[in-house]
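Going down the list, the sequences are from chains A and B. Everything in the first sequence is counted per this note's numbering, starting at 1 for the first residue and increasing by one. Everything in the second sequence is counted per this note's numbering, starting at 1 for the first residue and increasing by one.
Just to be clear, a hint being listed does not mean it is correct.
[Stated by the list, open to error] Some but not every residue of chain B turned toward chain A, in silico, with C-beta under 7 Å:
no., residue
1, G8
2, A15
3, S84
4, I87
5, P103
6, L107
7, V114
8, V119
9, W181
10, Q182
11, M243
12, I265
[Said to hold, decoys possible] Restraint-style ranges between C-beta atoms, simulated for each label pair:
no., chain 1, residue 1, chain 2, residue 2, range
13, B, D223, A, V101, 22 to 32 Å
14, A, E241, B, Q44, 26 to 36 Å
15, B, L38, A, F24, 45 to 55 Å
16, A, G242, B, P166, 21 to 31 Å
17, A, L19, B, V197, 13 to 23 Å
Calculated from the structure, these hints are not laboratory results. As the structure is a prediction and not an experimental result, all values here were calculated from the model. Yeah, the Cβ is synthetic: ideal placement off N, Cα and C, and Gly gets one too.
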Amino acid sequence: MRLSPVTSQRLAVGFMWLLTGITFAVLVFILAFILVHGLPHVTWTFLTHSPASMGREGGIFPMILGTFLVAGLAVLLAAPIGVATAVYLSEYTREGRLTLVIRFGADCLSGVPSIIFGLFGFVFFAITLGMGLSVLSGSLTLALMVLPTIIRTSEEAIRAVPTSYREVSLGLGGTRWQTVFYVVLRSALPGISTGIVLSLGRSISETAAVMLTAGSALRLPRSLFDSSRTLALHFYLLSREGISMPNAYATASVLIIAILALNLLAYALMRRFAVKVGH
Amino acid sequence: MKRDKVIGAILLAVALSAITGLAIITVFIFREGVPIILRVGPRQFFLSTDWDPSLGHFGILSMMVGSLFVTVGAAVIGVVFSLSLAIVLTQFAPPGLSAALKPVIELLAGIPSVVYGFVGVVTLVPLIRQWLGGPGLSVLAASIVLGVMILPTITSIAIDALQAVPKSYLEGSIALGATRWQTVTMVLLRAARSGLVAAIILGMGRAIGETMAVIMVAGNALDVPRSLLAPVRTLTSNIALEMGYASGDHRQALFATGVTLFVIITILNTAALAISRQRAGKRRAT
Numbered sequence: 001m002r003l004s005p006v007t008s009q010r011l012a013v014g015f016m017w018l019l020t021g022i023t024f025a026v027l028v029f030i031l032a033f034i035l036v037h038g039l040p041h042v043t044w045t046f047l048t049h050s051p052a053s054m055g056r057e058g059g060i061f062p063m064i065l066g067t068f069l070v071a072g073l074a075v076l077l078a079a080p081i082g083v084a085t086a087v088y089l090s091e092y093t094r095e096g097r098l099t100l101v102i103r104f105g106a107d108c109l110s111g112v113p114s115i116i117f118g119l120f121g122f123v124f125f126a127i128t129l130g131m132g133l134s135v136l137s138g139s140l141t142l143a144l145m146v147l148p149t150i151i152r153t154s155e156e157a158i159r160a161v162p163t164s165y166r167e168v169s170l171g172l173g174g175t176r177w178q179t180v181f182y183v184v185l186r187s188a189l190p191g192i193s194t195g196i197v198l199s200l201g202r203s204i205s206e207t208a209a210v211m212l213t214a215g216s217a218l219r220l221p222r223s224l225f226d227s228s229r230t231l232a233l234h235f236y237l238l239s240r241e242g243i244s245m246p247n248a249y250a251t252a253s254v255l256i257i258a259i260l261a262l263n264l265l266a267y268a269l270m271r272r273f274a275v276k277v278g279h
Numbered sequence: 001m002k003r004d005k006v007i008g009a010i011l012l013a014v015a016l017s018a019i020t021g022l023a024i025i026t027v028f029i030f031r032e033g034v035p036i037i038l039r040v041g042p043r044q045f046f047l048s049t050d051w052d053p054s055l056g057h058f059g060i061l062s063m064m065v066g067s068l069f070v071t072v073g074a075a076v077i078g079v080v081f082s083l084s085l086a087i088v089l090t091q092f093a094p095p096g097l098s099a100a101l102k103p104v105i106e107l108l109a110g111i112p113s114v115v116y117g118f119v120g121v122v123t124l125v126p127l128i129r130q131w132l133g134g135p136g137l138s139v140l141a142a143s144i145v146l147g148v149m150i151l152p153t154i155t156s157i158a159i160d161a162l163q164a165v166p167k168s169y170l171e172g173s174i175a176l177g178a179t180r181w182q183t184v185t186m187v188l189l190r191a192a193r194s195g196l197v198a199a200i201i202l203g204m205g206r207a208i209g210e211t212m213a214v215i216m217v218a219g220n221a222l223d224v225p226r227s228l229l230a231p232v233r234t235l236t237s238n239i240a241l242e243m244g245y246a247s248g249d250h251r252q253a254l255f256a257t258g259v260t261l262f263v264i265i266t267i268l269n270t271a272a273l274a275i276s277r278q279r280a281g282k283r284r285a286t
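So here's chain A without its partners, still in its complex pose (with noise of 0.2 Å):
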């Protein structure tokens, strides 16, 4: 039997539906599964305190002190590399073989996956420059794996401002940087903020590289060159070594509750820049 068009388009069209209603039914479901199982075991007293016997007991204060380090520190350093390459690939330069080798080695960087970024980590900060499983170690690792994203997105933002706004600053005797930094980067500054969000979203919920750059200590951190277990890696331990299923449960929420928010964030950045520019 041959269906007619119009019937295949329906089926066709109906099994795609079908397949798209999945999708968001899963994510809900895993928010919904995480949140349901771990909010409960969320106190202020686990959020306040250090962990007793390897998790079983107490809280996670030293590991959410540990993301916000590592992952902070980590965007602090990329956001303004991130940020002048793209500033260099689109305001200061033609496109040419030079731009073309930049975007090449991002676009590179971007692929490579967290594990050999944490064997990099690994051999090239924590041995041979000797910092150990740090913060600073997982920081800097962190910094070069989204290094990328925050290029990409900051040049999209910074392209997206209207030429006429370079125009009327040139125009008006600004000089060039003047007119990037003044003009170009303050219009462009939500969309570019959005990429950096995303970023720190990124930095947070990664554990194969900062497992093998931070390593794992329950204590808090004291200074930069200490050893810290962040929340993502906390939660891996907790759950695959059956330590705690209450409190696996309860770290991931946080975690969950942290990207929720980054990404509530960048999604308003977002909207204010698509407004700013015109969209």
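With chain A fixed as given, assemble chain B onto it according to the hints.
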């Protein structure tokens, strides 16, 4: 004016940091990993399934096969879902709904891989064990979890590729009396083909490089998997599982595993880049 030149030079120096980083990564990974491959012998290292670090046996064939299996499995699942999503969101969903759903796909990309792995272990693995047999921790479980994880990557690139197809192509097809679905299969997918292929290859790169989720659901057995329900160890999980206690030759062999992974991924990414460049060139020419 002079100040602008100086700023330009500084920006250039900073802009080279990504490629410099890539170069240093390559050098250090290869310097740690290549010597052991040469010492063991490339044939032994790549074609033996015998991995027993305590005896000095370093053969990674079973992990290469393992990575291949879960990557292909993930690609099959990821592609079916991603293409449906991309087609629905660009062609059939009302614009308001598409605009609302795109950030949700972003969110799917933001969920930590350990969370995917964990949810896979506590929900999917028991289902497989109960209904299909085997230990549950399996090629199938890893493929499904990875398929979901690479979905955002493939979907967002596929959406770009579909949106880049000129509206006039679609309008021409509709005007000739084709249904919208016929237009999708005969015009849209064909016109966007190279972009979609690039999306799929990049998705596969993501899948083969993923570590934590795979460790949690794949079972990590050292044998070459004989069925979809058998446990499997990938290149990435081999590194992450053993780095914690490895030293000497063993550690170098793990770096060599990393070198292998690095080379495979670079080939995949370069292929994807070449395909999308080719497309950009073609579009400029017309």
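For the hint 26 to 36 Å, verify it against the beta carbon of E241 of chain A and that of Q44 of chain B. 34 Å, holds
Cβ-Cβ distance between D223 of chain B and V101 of chain A: within 22 to 32 Å? Roughly 43 Å apart at Cβ, these two residues miss the hinted range, so it is violated.
Closer than 7 Å between Cβ atoms is the bar; does L107 of chain B clear it against chain A? Give me holds or violated. Hint on L107 of chain B: holds, closest Cβ of chain A at ~5 Å, below 7 Å.
Outcome for the supplied range 21 to 31 Å, where the beta carbon pair is G242 of chain A and P166 of chain B: Hint violated: Cβ distance 56 Å, outside 21 to 31 Å.
Chain A contact restraint on M243 of chain B - CB to CB distance below 7 Å: 6 Å, holds
Minimum beta-carbon distance criterion (7 Å), S84 of chain B to chain A: 4 Å, holds
Against chain A, with CB atoms and a cut of 7 Å, does the hint on I87 of chain B hold up? 6 Å, holds
Given a hinted range of 13 to 23 Å, is it respected by the beta-carbon distance of L19 of chain A and V197 of chain B? 20 Å, holds
G8 of chain B as an interface hint toward chain A, with CB separation required under 7 Å: 5 Å, holds
For the hint on V119 of chain B, just tell me whether its beta-carbon gets within less than 7 Å of chain A. With Cβ-Cβ at 5 Å, under 7 Å, it holds.
The hint names I265 of chain B as touching chain A; please verify it with the least Cβ-Cβ distance against 7 Å. 6 Å, holds
Would the hint on Q182 of chain B stand, with a C-beta cut-off of 7 Å toward chain A? 6 Å, holds
Violated hints, listed in ascending order, are 13, 16; each of the other numbered hints is respected by the structure.
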